[in-house]
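A.B. asks: So the chains spell out like this:
Protein chains: 2
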Amino acid sequence: MTEKKDLAAAWFRELRDSICAEFEKIEDELTGSNKASLPPGRFERTLWTRNSEDSPNETGSVLKGGGEISILRGRVFEKIGVNISTVHGQFSEAFADKIPGAKDNDGAFWAGGISLVAHMHSPLVPAVHMNTRMIVTSKSWFGGGADLTPIFPNPADTSAFHKALKECCDRHNPAYYEEYKNWCDRYFYLPHRKETRGVGGIFYDYLESSNHENGGWEADFAFTKDVGKTFLAIYPQIVRAHMNKSWTEDEREFQLIRRGRYVEYNLLYDRGTQFGLQTGGNTEAILMSMPPEVKWP
Amino acid sequence: MTEKKDLAAAWFRELRDSICAEFEKIEDELTGSNKASLPPGRFERTLWTRNSEDSPNETGSVLKGGGEISILRGRVFEKIGVNISTVHGQFSEAFADKIPGAKDNDGAFWAGGISLVAHMHSPLVPAVHMNTRMIVTSKSWFGGGADLTPIFPNPADTSAFHKALKECCDRHNPAYYEEYKNWCDRYFYLPHRKETRGVGGIFYDYLESSNHENGGWEADFAFTKDVGKTFLAIYPQIVRAHMNKSWTEDEREFQLIRRGRYVEYNLLYDRGTQFGLQTGGNTEAILMSMPPEVKWP
Numbered sequence: 001m002t003e004k005k006d007l008a009a010a011w012f013r014e015l016r017d018s019i020c021a022e023f024e025k026i027e028d029e030l031t032g033s034n035k036a037s038l039p040p041g042r043f044e045r046t047l048w049t050r051n052s053e054d055s056p057n058e059t060g061s062v063l064k065g066g067g068e069i070s071i072l073r074g075r076v077f078e079k080i081g082v083n084i085s086t087v088h089g090q091f092s093e094a095f096a097d098k099i100p101g102a103k104d105n106d107g108a109f110w111a112g113g114i115s116l117v118a119h120m121h122s123p124l125v126p127a128v129h130m131n132t133r134m135i136v137t138s139k140s141w142f143g144g145g146a147d148l149t150p151i152f153p154n155p156a157d158t159s160a161f162h163k164a165l166k167e168c169c170d171r172h173n174p175a176y177y178e179e180y181k182n183w184c185d186r187y188f189y190l191p192h193r194k195e196t197r198g199v200g201g202i203f204y205d206y207l208e209s210s211n212h213e214n215g216g217w218e219a220d221f222a223f224t225k226d227v228g229k230t231f232l233a234i235y236p237q238i239v240r241a242h243m244n245k246s247w248t249e250d251e252r253e254f255q256l257i258r259r260g261r262y263v264e265y266n267l268l269y270d271r272g273t274q275f276g277l278q279t280g281g282n283t284e285a286i287l288m289s290m291p292p293e294v295k296w297p
Numbered sequence: 001m002t003e004k005k006d007l008a009a010a011w012f013r014e015l016r017d018s019i020c021a022e023f024e025k026i027e028d029e030l031t032g033s034n035k036a037s038l039p040p041g042r043f044e045r046t047l048w049t050r051n052s053e054d055s056p057n058e059t060g061s062v063l064k065g066g067g068e069i070s071i072l073r074g075r076v077f078e079k080i081g082v083n084i085s086t087v088h089g090q091f092s093e094a095f096a097d098k099i100p101g102a103k104d105n106d107g108a109f110w111a112g113g114i115s116l117v118a119h120m121h122s123p124l125v126p127a128v129h130m131n132t133r134m135i136v137t138s139k140s141w142f143g144g145g146a147d148l149t150p151i152f153p154n155p156a157d158t159s160a161f162h163k164a165l166k167e168c169c170d171r172h173n174p175a176y177y178e179e180y181k182n183w184c185d186r187y188f189y190l191p192h193r194k195e196t197r198g199v200g201g202i203f204y205d206y207l208e209s210s211n212h213e214n215g216g217w218e219a220d221f222a223f224t225k226d227v228g229k230t231f232l233a234i235y236p237q238i239v240r241a242h243m244n245k246s247w248t249e250d251e252r253e254f255q256l257i258r259r260g261r262y263v264e265y266n267l268l269y270d271r272g273t274q275f276g277l278q279t280g281g282n283t284e285a286i287l288m289s290m291p292p293e294v295k296w297p
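Read top to bottom, the protein sequences are chains A and B. The first sequence maps to residues 1 to 297 in my numbering. The second sequence maps to residues 1 to 297 in my numbering.
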């Protein structure tokens, strides 16, 4: 298992580097738009480490390890955070109840992953979220996905995004796309608004292929890598298709209001946020998903 | 109990009227400040009713009744919502477990209350929250409180606010202030930030004076009324002390960032928000507490 953890952690880091490089290229390429006079943005990186035995957090969980926050505030990307982390420790008893295999393991866990949320200056360019992770308790599994949140949904973008994810899924298991698309729609749903968060994508969790009787850890890791690569192939296409257009103040205002839904989702329902905060994770990293500017008028 | 419910509901409405009248007076009185050229704001009221048997909500709870939203977007108050509501119904089984006396009552409940959150244009005028409510299951109790959230805490305001609340508490029970001040500090705490929401105030719940062996429902109702009256006496003083000052862009920017904490608290931890959303309450009324403009830069 140690080798598998290392392979996964190395991949999340490699994917982070590829994403950051591509997004800085996008920053350089901007020619039009209301923000074109700004200088192209560059990622700034901050390492963090945690040893909660030294400074116990208030959740009752023990968290050790660390991660790296990469944040860019640019002229296409208003705010994008790309986090990688590799942590281990022990869940509190209450939290262990909620995590498969954690109780049988005295609450001990390991988690590695990459998480990304992009909020764009332009209301014409969709916001996006992508996250993949490997978790180890007495079980071990992968989870993640990617979903698109346009302010003004555009059928061409929605269909290109889903087509890329479907092809990715189909390369690994013909059942995945249907299952993970539906899971995404159920998961990114705001019951108090009776709205989905965006136009969906895929969401998967507890992927441990002994359950699926095909391929084991290697197959799940290959799929997880492909989700990352697929995201990196398709999202920049959608950004480039719209980033040089100008927008109106009314469009921007509507974007700021729609971002309120993103905040509501992430703080009320998102399991990643809950997981992070309840295990005493790095607050700055966890709440990097918050939009830079929001309105509830 | 029917008469008590009616008395409480009538009081919440009367308090709402007094607060709205006083706050409109404040809007008229503004002479200085960056927003003085705006017209004085006026409350707009919206009635809502709900019969979730007709249109079942997704929480499994049944909610009937309704309320009235009063909202003012003015030149002192950037956004203030004052909600009153009188609802009854049946908690879902999961939710009934969390509410005293609900299980013994097959989940049936009644709730009446007033809830107010004010977000100010000026970063020099504190935001504020006040809420009082009566809840009936197989038990019946009052709860509520008021707490102040200055952007730049000012010892004179903090001390005046607490002095007024202490005098209010002392008029009813010499033990209340100490107990309810501490409860407020514990309750309005953001563990992920290791910060209190503001400079506190009082918070009380499950106040059913048969437990305290003094005065019964009448005493608790008298205290609850006094909390409302005390809020109405002290908060306008604090507003008037600062509302005519001008502020800088840096001060405003800091206010927008601090408002992020308010959002984080309300969506991650606030029991009123959870109660409302989980019983299928009116989303617009519940999320009226969201600040009009927020930044997470």
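Quick caveat, the hints were computed from the structure, so don't treat them as lab data. These figures come from a predicted structure and were not determined experimentally. Yeah, the Cβ is synthetic: ideal placement off N, Cα and C, and Gly gets one too. Warning: the hint list may mix true and false statements.
As the list claims (entries may be wrong) - Going by beta-carbon spacing under 8 Å, a handful of chain B positions derived as facing chain A:
hint	residue
1	1
2	28
3	66
4	98
5	99
6	136
7	138
8	192
9	236
10	268
11	270
12	290
A.B. asks: Now, for every hint given, state plainly whether the structure supports it.
C.D. replies: Here's how the hints hold up against the structure:
1. For residue 1 of chain B, the shortest C-beta to C-beta distance to chain A is roughly 30 Å, which exceeds 8 Å, and the interface hint is violated.
2. Using the Cβ-Cβ criterion of 8 Å, the hint placing residue 28 of chain B at the interface with chain A is not satisfied: the shortest such distance is roughly 23 Å.
3. Because the beta carbon of residue 66 of chain B sits about 17 Å from the nearest beta carbon in chain A, more than 8 Å, this interface hint is broken.
4. Proximity of residue 98 of chain B to chain A is violated relative to the hint, the smallest CB-CB distance being about 15 Å (cut-off 8 Å).
5. About 19 Å separates the beta-carbon of residue 99 of chain B from the nearest beta-carbon of chain A, more than 8 Å, and the hint is not met.
6. Interface restraint check for residue 136 of chain B: the shortest CB-CB distance to chain A comes to about 24 Å, outside 8 Å, so the restraint is violated.
7. Proximity of residue 138 of chain B to chain A is violated relative to the hint, the smallest CB-CB distance being about 28 Å (cut-off 8 Å).
8. Interface restraint check: residue 192 of chain B against chain A, minimum CB-CB distance 5 Å, threshold 8 Å, status holds.
9. With a cut of 8 Å, the hint placing residue 236 of chain B at the interface with chain A is violated, because the nearest CB-to-CB distance is about 24 Å.
10. Restraint check, residue 268 of chain B versus chain A: the minimum CB separation of about 5 Å is within 8 Å; hint holds.
11. A least Cβ separation of about 10 Å between residue 270 of chain B and chain A goes past the 8 Å threshold, and the interface hint is therefore violated.
12. The interface hint given for residue 290 of chain B holds, since its Cβ lies 4 Å from the closest Cβ of chain A, which is under the 8 Å cut-off.
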